[in-house]
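Assemble chains B, C, D and E with the ligands onto chain A, guided by the hints.
Listed here are the chains, written in short residue letters.
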Amino acid sequence: MIQFYYAYQPIIDFFLLSVGFGYSQQIALRAGVFSIATAGFAALGSYCVAILATKTGVPIFLTVILGTALAAAVGGLLALPLARLRGAFQAIATLAFVQIILSLLLYGEGFTGGALGIVGIPREVNTWILLIVVGLTMYVMWNIGRSGMGRVFNALRQEESVASSLGVNIGKYHIIAFIISGAVGGLFGGLQSLYTFQIEPHNYGFAFIVNVLTVVILGGRTTLLGPIMGALIMAILPEIARPLAEYRQAVNGVILILVITFLPNGVGDEIVFWFRRRKQARQQQHRASEKEARDAVS
Amino acid sequence: MPSLKLENVAKHFGGLKAVDKVSMEVPPGEITGLIGPNGAGKSTVVNMISGVLALTEGDITVDGVSVATDRADIVARKGVARTFQNIRLLPEATVLDNVMIGFHRREEAGVLAQMLGLPAARRDTKRFEEKAWDLLRRFRMEDFAEYEAGNLAYGHQRRVEMMRAIAAEPDIVLLDEPVAGMNDVESDELATIFRELADSGMGLLLIEHNVGFVTRLCKKVYVLDSGRMIASGDPEAVVRDPQVVAAYIGTSGH
Amino acid sequence: MLSQQILNGLVSGSVYALFSLGFTLIFGVQKLLNFAHGATFMAGAFIAYYCTISGLPFLLAIGFSMLATGLIAILIDLIAFRTLRNRGNAEFPALVSSIGVDLILVSIAQQVSKTQVLNFPFGTFPIKFYDLFGLRISLLQIVILAVVAVLVAALIFYLRKTTFGRQVRAVATNERAAALLGVNAQSVYLQTFFIAGALAGLAGVLIGLLFNSIQFLMGEPYMLRAFVVVVIGGLGSVQGAIVASLLLGVTQSLAVAYLPSGLTDAIIFGLLFLVLLVRPNGLFGDINAVAGGTRQ
Amino acid sequence: EDYKVVILQSLTGGAAFIGKNVADGAVLAAEELNEKGFFGEGNQMVFSVEDDATDRTQTLSLITRLAADEDVLMVMGPTSGSVAMAGANVANEREFPVMTTTNSMEVVENGPWSFIMTQPASITMPFIADYTAETLGLERCAIIGVKDNEAYVALQRMYESLITEAGVEIVSQDGVALADSDFSALATKIATSDQDCVFIGTPAAQGANIILQLKQAGLDPSTPILGHNAFASPTFIEKGGAAVEDVYLIGAWVPGGDDDFSSAFAESFEAKMGFPADEWNAMGYSGMQVVAHAVRDAAEAGNLTRDGVRQALGEQKDIPVVVGTHTYSYDEERVPYFGMKVLQVKDGAFTVAPE
Amino acid sequence: MTTLTISDLHVSYGGVKALRGVSMHVEQGEMVALIGSNGAGKSTLLNALSNVVKRKSGEIVFEGRETKGMSPHSVSRAGLLHVPEGRQVLGDMSVYENLQVGLIARGKRNTIYTLDHVYELFPVLEERRDQIAGTLSGGQQQMLAIGRALMGGPHLLLLDEPSLGLSPLITDQVFDALKKLNAEGLTVLLVEQNAHRALEATSRAYVLDRGQIAFEGASEELAGNQAVIDSYLGA
Ligand SMILES: Nc1ncnc2c1ncn2[C@@H]1O[C@H](COP(=O)(O)OP(=O)(O)OP(=O)(O)O)[C@@H](O)[C@H]1O
Ligand SMILES: Nc1ncnc2c1ncn2[C@@H]1O[C@H](COP(=O)(O)OP(=O)(O)OP(=O)(O)O)[C@@H](O)[C@H]1O
Ligand SMILES: CC(C)C[C@H](N)C(=O)O
Ligand SMILES: [Mg+2]
Ligand SMILES: [Mg+2]
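Line by line, the protein sequences are chains A, B, C, D and E. Residue numbering for the first sequence follows the working numbering, starting at 118 and increasing by one per position. Residue numbering for the second sequence follows the working numbering, starting at 4 and increasing by one per position. Residue numbering for the third sequence follows the working numbering, starting at 5 and increasing by one per position. Residue numbering for the fourth sequence follows the working numbering, starting at 459 and increasing by one per position. Residue numbering for the fifth sequence follows the working numbering, starting at 32 and increasing by one per position.
FYI, nobody ran anything at the bench for these hints, they're computed from the structure. Some hints could be false.
[Stated by the list, open to error] The calculated label-pair distances, taken between Cβ atoms and stated as ranges, are:
#1 E:48 to C:191: 30 to 38 Å
#2 E:139 to C:153: 35 to 43 Å
#3 B:249 to E:227: 35 to 43 Å
#4 A:356 to E:46: 33 to 41 Å
#5 E:56 to B:146: 26 to 34 Å
#6 C:116 to A:129: 31 to 39 Å
[Stated by the list, open to error] On the chain C side, residues computed to face chain B include the following (Cβ under 10 Å):
#7 93
#8 299
#9 300
[Said to hold, decoys possible] Below, computed lysine-lysine pairings styled on BS3-like, alpha-carbon distance capped at 27 Å:
#10 C:132 to D:804
#11 D:494 to D:775
#12 C:165 to E:139
#13 D:804 to D:462
#14 E:87 to A:396
#15 A:289 to B:81
#16 A:396 to B:129
#17 B:24 to B:81
#18 A:396 to E:48
#19 D:730 to C:118
Glycine included, every Cβ here is placed at the ideal spot set by N, Cα and C.
Bound-form chain A, shown alone (with noise of 0.2 Å):
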């Protein structure tokens, strides 16, 4: 076991930092929001934390919030002029974000490093701090999805005038995603530049939005296990088709038609579901029974 974590802890840490990102991701898309700003609220958390504590004293725990707190509150700006656009408006809007943030990256050599990024960068996050994180997070979006919060993301997403006819303020809720959003990503992006040691803008590009989209979508888009179950597969599939060498990439590819074909809710979502329907069946029975029963008696 310990030489089994010896020897896979950087995937274990890699799917954790991705399941953090996913919850963020996931955070928007449940709300109806079709963002992609994941990548630029983790740049933006990577960043500030890394140039905090590479080039001034401020103490690391501290760097942290501090990322967290930045990335949330571009989160809730962001969110403002977003209101007006809706889908696949809102995507690119997102991805211009996302676009803008990496170019001042590269440009603003001085401050960032531009295309060299930050170099030595104290490692000072492992898997146990990780695995912490991950929890509280999961605590905060297990909440959300009982809660009222809950409620209106999903009524948001499935049918918006319905929200707002029963008082729903969409902007308000919208902004409220988007912070969350903005704080799970920029505090993971935070830990992963504390686990990584160096970081450039590159890193937080098309392949991170994809990546992260395919962790949400893979995994489930609405259920907690949703963003673990798409990190797990993700974090594993490059070693399951590893004897494959180059032909890998086309293995990856084959996998992920496979299971979103068979499972387009994703795994997560659809292994929930699957216990929610055997719940429900259940429940059925047992009325009808108990129905039957009663006939038989009048």
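Chains B, C, D and E with the ligands in isolation, oriented as in the chain A frame:
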């Protein structure tokens, strides 16, 4: 309990006067009818009251305060709920969850309390769940509680719309053809519920093409035709008004 | 130099248009983002390249490549989209399955090319320059502008003047209702994918020729641009995609020419952001159709 | 005895054009060395080739896993960029020697267990910078670089500071992305602006393409064009054709070879692979010579451990290689040196540039 | 001649058995009513006829041809046209375009229904020919849905609650129109909640109860049998 008033309300779509200087009132504790031929402007009236459409002219007040320019969610918070003529459900959510969202206005826990799972948030959820089950039983939908709403038969979907609208105990409910697609027996069940709601002090605006149903339930009926109010008053009298018969009811005497 | 740069931008923009049209068509008919479109484009360049070096006349190579990419696109539909579509609500899952197809195609191309950058042999297309009102324009640029114009016109004609366009819109609006009215949605999908694939393939060949570079990763930057073009133009709008493509081409040219090079992306995407704020549904989208609880 | 070494390079992804070629060269070298009995009776190098996929995550997990396999003595790789940096970082953490392909000094500075295989910019760039300012006596240079790859950016920065020091004015600075191929606007801009030289710091194929588009946009054909060692690849001439005639560049590898050892390599490489070797193939081949010497030295010193290999590697001096001035050495700071040549394209081939 | 024969039809959604062995037939030129309470399976039956939902077992023969395995568009091109529940107009397209799409099902078959015919039945469609269908009033959309199906030259028209959302006057007109169309030879299968209306307009009727045929017979006879109506159309 407040009353809903429309004063000289108009809505124009380009050159089309969909609603033309209409005044009416939905008093508390009563069921008020709104009838008229297809395209008369009834749903447009509902959309203007509920904050979906902007008014071209006129004013709408609840309890004397104008809501004419309020956003939809603000109108709802002021106690006006509605159903949609073209059913709008959360298709992937269960029937129970569809009803639960109706309580949004009554939430007491704040955003932070919800995120941290504080007792206030749990209390909300628990309270709403109990009330939702009451509603399900009242509408005889408890067997469908765990059904995905999108898979229900048409008539059952209508019931979900209504439960959701009345969940938060609004002062005014706008019902846009609530019993469309139901037979007489089913409609009568709902009529009982409507009457109970009115008796509890709610003001109901009922849009319906089943004239018998309207005359039986409503204290007062307004008739729209091509956006204009052509008659109003006592239901029995209104449906015998020759103008109404010609424009709306026809001669077969329904 | 300004007019020269505008010309450069128009040529690049017209190739973006070819690329983006297919993307927009697919989005228009089934509201799905096809991430494998970039790979189809890349495949077009690859197929034409291998045909050319194995001795096929260039025009034939182009024709063959368009046919092949059209079929590849149909295959993409069958593999990645069809099952999901039939189950309904494919919007997000289709994203992943098309990424899957993209991985497969790119991986094949990488194997075939051994990661090398390829180019059409010199002389595949005559390199000739003309002086036009002080502008330097190559024969290839002229041909590209002409070909794109003709194809775009043909596509618009096909959509407007045959029942196909109406069928596309019917399927796009409500597939089930369309089927009840006798519209064969499957055939509509196959046709749109074929057209989209063939156009992307041609765009790949033209880009490969114009910029002398064919590479397994060449689709990616074009995908990013296609997203931008398609959205700015107004989702599913053919005219919008064309106008936005040309605008993007020209903006990029001018940005490279006149702005500090490190900031071009920030400026272009900043502009994009602003455009969206002013026109939340793109240039050719309905400006009023924004939801959000406000009165309309 | 078996000496187990893993060749971990970018066989796929963005840096595959480097990593795949390095791996091919290294494999050929290892096979030849085994065949020749380089390691002595009964000993041989057992090597496997792995793919870092130009992906930091996969690299980290692979190196960690390899580090956990006690039989593996060292890794030749990973290839470059943040992948190399991340690789170096775990390697130092796990005390596992890695020889990354990159030229970034940060990898060396990261700790005693991480090495670089190619010469840092501070060694290579003076060759072409001096040539620009002194030999050619140029005064106003336009610079085109890659903006999204740190290795190329580092080279470009070094070049800029060296020529500025030498009094050359930089008239414009433009960055392209590695995935770009449309340089029409850039080409028009440079062709119509005022400079007496153009420096292009991009990969070979992309550089050839930029030069083509520059010429098509009407750049004065007599304007000298310069580049760095990335251009030292047959691809450059193949893609650029007549347009890259006369371009100056630096290279460690003279295609076809320029002494017995390198000519023999060129021949056997082409015989095996079916295409001529390029700079990166030659680098991989050379790097493996150094690795092999280090492993053998460690074995002979009776210290065939990771630490022994690491020490031996840092002490390698004057190892015969096929690149540069044909000997490869690490100095006290573990900076590699094997020299460079200024080359010029003449009649469709690389030749040593006139002094 | 028999236009439609259904034998022992079963349809399930997951575990929910919506139809449990339905058999019925519609003769050419007939207008037949299908009534039943909410959730009885009426819409499911029509959807199974147009192959929008897959049947689990049973036979459906339309004009002598088993429709199993046919895609919905082939069914409609064969002349079986279904006006679905909830109208399903093509919301982004104009009224005129909706009617033009209706033409596709006709193909090269002969039909007596033309655009003028439809405009004559529902004059408002001509008035609003350029309005976007999604902004029509509920009743106007219903007329468009029926008109559009007529453009496809139906041999058999399936109507799912055509009076839904129509004013009494228009309902009269629609039923008059249906009677007229039927008199001209159109075969109709009519699902209606408005039982009296449906029974008055048709010659034969079936009552569906929880997925099974509970009663069949002459409409007149059924209309007179209040007991049957009460027990099957109630709750
Ligand atoms: N967005 C719009 N643009 C143009 N015309 C519209 C729009 N919305 C509604 N109309 C028109 O306004 C008129 C009134 O429509 P409304 O939906 O209010 O009618 P209604 O009385 O509810 O009819 P029904 O009983 O059929 O539901 C109709 O003629 C309709 O076509
Ligand atoms: N897609 C579906 N998935 C699961 N169950 C379904 C689905 N569609 C219908 N049902 C179920 O099948 C049964 C029959 O539904 P159907 O819509 O056919 O009833 P109906 O007779 O048309 O009722 P109504 O008069 O209310 O329209 C209902 O219990 C309904 O919940
Ligand atoms: C298994 C759990 C982690 C998932 C949880 N029940 C959810 O639906 O969010
Ligand atoms: Mg209405
Ligand atoms: Mg039904």
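For each hint, the structure was consulted:
Between residue 48 (chain E) and residue 191 (chain C) the C-beta distance comes to about 34 Å, which sits within the given range of 30 to 38 Å. Taken as a hint, the range 35 to 43 Å holds for the pair residue 139 (chain E) and residue 153 (chain C), whose Cβ atoms sit roughly 36 Å apart. Between residue 249 (chain B) and residue 227 (chain E) the beta carbon distance is about 23 Å. The supplied range of 35 to 43 Å is therefore violated. For the pair residue 356 (chain A) and residue 46 (chain E), the beta carbons lie near 38 Å from each other, so the given range of 33 to 41 Å is met.
Taking 26 to 34 Å as the suggested C-beta distance range, the pair residue 56 (chain E) and residue 146 (chain B) conforms, at roughly 33 Å. Under the hint 31 to 39 Å, the C-beta atoms of residue 116 (chain C) and residue 129 (chain A), about 36 Å apart, fit the expected range. With a least beta-carbon distance of about 8 Å to chain B, the hint placing residue 93 (chain C) at the interface is held under the 10 Å criterion. The restraint placing residue 299 (chain C) at the interface with chain B holds, with a minimum CB-CB distance near 4 Å, inside the 10 Å limit.
Among the interface hints, the one on residue 300 (chain C) holds; its C-beta lies about 6 Å from the nearest C-beta in chain B, closer than the 10 Å criterion. A threshold of 27 Å between alpha carbons decides the hint, and for residue 132 (chain C) with residue 804 (chain D) the separation of about 24 Å falls inside it, so the pair holds. A hinted pair counts as satisfied when its Cα atoms are at most 27 Å apart, and residue 494 (chain D) with residue 775 (chain D) qualifies at roughly 21 Å. Our distance criterion of 27 Å between C-alpha atoms is met by residue 165 (chain C) and residue 139 (chain E), whose separation comes to about 19 Å.
For a cut-off of 27 Å, the pair hint linking residue 804 (chain D) to residue 462 (chain D) is broken: about 43 Å separates their Cα positions. Only pairs whose Cα atoms come within 27 Å are accepted, and residue 87 (chain E) paired with residue 396 (chain A) is accepted, the gap being roughly 25 Å. Distance restraint check for residue 289 (chain A) and residue 81 (chain B): the Cα-Cα separation of roughly 18 Å lies within the 27 Å cut-off, and the hinted pair is therefore satisfied. In summary, the hint linking residue 396 (chain A) to residue 129 (chain B) is supported, as the alpha carbons are separated by about 20 Å, within the 27 Å threshold.
With a C-alpha separation of about 24 Å, the suggested pair residue 24 (chain B) and residue 81 (chain B) falls inside the 27 Å cut-off, and the hint holds. For the hint pairing residue 396 (chain A) with residue 48 (chain E), the CA-to-CA distance comes to about 18 Å; that is within 27 Å, so the pair holds. Proposed proximity of residue 730 (chain D) and residue 118 (chain C) is supported: the alpha carbons are some 15 Å apart, at most 27 Å.
Checked against the numbered hints listed earlier, the structure breaks hints 3 and 13; every other hint is satisfied.
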